[in-house]
Amino acid sequence: MSLNRRKALITMAAPFLVGFDPAEAQFAPVGQRFLGKLVDLILPQDAQSPAASALFVHVELQEVVQSHELLARLFEYGLSWLDQVGGRPFLDLPEAVQIEILQFASQADFNQVPGRFFAVLRLMACDIYFSKAEAIEGYPLQVAPQPEGYPPPWS
Amino acid sequence: MELSKTPDVIVIGSGAGGASVAYGLVSQGAEVLLLEAGPWFEPVEDYPQDSAGWERRSFPVKEGSQASITFGDLGVLDTADRDLMRWSDVAGREHPQMGQQRLPYAGGYSHVMGVGGSTLHYVGEAHRLHPEAFRFQTLTGQGADWPISYDDLEPYYTQVEHLMGVAGTDAGPARWQSAGFALPPHPMSTGAQVLMQSGDGWVVNPRAVNSEAYDERPACNYCGQCSRGCPLGDKASVDVTLLRRALDSGRLTLMADAHVTRLVLGAGGRVSHLDVVHQGAERRIEAPQVVLAAGAVNTPRLLLASASAAQPNGVANGSGQVGRHFMETLRWESAGLVQGLRKSHMGLPSDATDWGFAVPNAIEGLAGGFKLSHTTLDTGLGGPIGYATRMVPGFGAAWKAQMRAHFGSALSVAAIGQVVADERSKVVLDAAQVDRFGVPVAQIHSVLTQNSLGLLRAMQSETRAALAAAGADLADETSSWDEFIATHVFGTARMAARAEDGVVNGGGQSFDHENLWISDASVFPTSGAGEAPSLTIMALGLRMADAILG
Ligand SMILES: Cc1cc2nc3c(=O)[nH]c(=O)nc-3n(C[C@H](O)[C@H](O)[C@H](O)COP(=O)(O)OP(=O)(O)OC[C@H]3O[C@@H](n4cnc5c(N)ncnc54)[C@H](O)[C@@H]3O)c2cc1C
Ligand code: SF4
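Each protein sequence line maps, in turn, to chains A and B.
Residue 54 in the working numbering is what sits at position 54 of the first sequence, and the numbering runs on without skipping anything.
Whatever position you read off the second sequence (first residue = 1), add 1000 for the working numbering.
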């Protein structure tokens, strides 16, 4: 992830954590299994492209999250919320309920944990997923814009 | 590196302003030493657009390629102006900073320090200012007039257009040309075609990009990634054009990783020496003629940081104008999806423009105007990450299908507008922070005035109208209301007719020190009505070379 994109993410995570002192924080590791399920709910397998976890999106995501305290804390809060909101651990809920919870988070106030967490999670998952060649199978795109470019005609 | 020749002129900074004056000087036989703080960039190695993951890679950061800059007062996001707030179908309409300070764009001060300066990641729009832009104060009662006219600059505009290989049809309304462009226009992308069919004002945007092989550089292959750095060299950044030619002459010595830390004054008010740190080693270089071309933020910084007991306000600052009149980039962008539009991710960024409002008094009751551009590719809508994060909300299997269905149908129009310099907007030295050489860093203060807010509303209305005419469903809007942007910055060492009003005269020569010249965006007395500045900076640079050589 480029420096500027990383800075943008941190800026997104930061305002929600006003008053939070990273020096005092205890970071629980953000679990890969949990992240794998979440990224697959956002980016499931379809006829042309694999699910996010098959491309190890959750592994890369975890690396980025754990490399920055503010992001790690946002994810910690977000995952705790997910585990509480359905009355039992998120991973034990039926998939339809999991999707319903994510739907709720996707509409939630950006200035509260569920809304901010989901927005950042989705953004990062998409950023990582669509950077993989397998993810853009079936798009009118080359794996990369060069060396061929897109010579005309276009219409 | 020891100098084998004594230079006639030392140029500080190798961006648009420094490269053009250096080229103009060596092409007339002068020996030039060019000191550039940043590193070299190698197009093929440094701009890898040929592997997966390209969409996540913005312009590369190399050691020493980003200026240390801090931000002071950027204004407050006033709830009363929330109609100007950014939003998108994906991110919604909440703003975490409402009521708080406006923040800089995540990339901070986005100009590149490197051989070629910010032209390395510019898009290459190549615009002449409107002739009336030079008489801004006379026409609007605000801002300043330029001490030179369009006619003074016209021959140099033509020269630069041919050196850089500008492609297009014509330079735009009222901008008369003594010769046509070097190259025929580029083919229009599908997004540009939709705009041209939907409104009368849309025309070919002049671009410093090869539409056919020219100047030993290939034709563009329309990858659409200009601001990530052009790996082919068909985009006319100054490293592959003016500097390449100047180096070929054998009369240019170019030192990268050479940071000028101080201008030292000698007898008679001349700049006698430059203090330089080159590849970590401090040295003092005797100054013949000196051209300062460090850009609109670092030029005032170096002048102010060169203060001494004899010049307590800094060098070239007898008027007290150094650092004042800072003008940021006023920008509004609207984007949407157009049913039936395909392949809008292919082509040349900013290929079409609408000049309709690009005059000093375009909008009743406001000073200044703006220019519209087709920006689908410039603003990150060339790949699926852009669509997922801005245009197509949702998640899950149905959303993935939507992504595929919509991909290639995004259309974006941006307006860049005039900024009228304000007392609160300035570049000063940060009292609390120095760089690794112990020089205080520049601090930017920049506040949106009522005039800027009025222009932003007019820009919002016109970009929305353009998209509506093209049949787009609006999905995403961003602007400089909630994010300070510094792509085009100006005004901090302005040229003026009288010494009390500016830092340099109409030729770019300091009023206070006869062997000091300034060649960059800092000399602009006004910003223009959204025209991209590099062509004007370079035309001024070539004109300066003639003036220096008499
Ligand atoms: C993303 C982006 C897109 C843009 N698109 C366009 C476009 O399409 N068309 C257009 O006309 N303009 C465009 N611009 C703006 C354009 O790039 C700048 O206006 C232009 O490059 C400014 O030229 P300059 O000579 O003033 O400064 P710069 O090009 O910034 O050059 C200044 C140079 O001075 C060097 N320097 C600074 N301090 C020192 C020091 N102390 N010692 C030695 N060297 C020093 C810097 O390293 C730098 O290389 C764009 C800018 C950005 C950021
Ligand atoms: S679109 Fe053309 S000019 Fe721009 S980066 Fe690609 S090849 Fe270079």
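Hints in this document: simulated from the structure, not taken from any laboratory.
Watch out, some of these pointers could steer you wrong.
[Unchecked claim] Some residues of chain B that are not near chain A, with every Cβ distance over 12 Å (derived): (1) A1052; (2) H1095; (3) Q1159; (4) G1201; (5) L1232; (6) V1264; (7) G1269; (8) Q1311; (9) Q1339; (10) G1396; (11) K1400.
[Said to hold, decoys possible] Coverage of chain A stretches by chain B, computed from C-beta distances (three or more under 8 Å per stretch; other residues unrestricted): (12) 52-62; (13) 65-73; (14) 81-93; (15) 133-147.
Heads up, the beta-carbon is just placed ideally off N, CA and C, and yes, glycines get one too.
Hint check against the structure, violated hint numbers in rising order: 1, 2, 5, 10, 11, 12, 13 and 14
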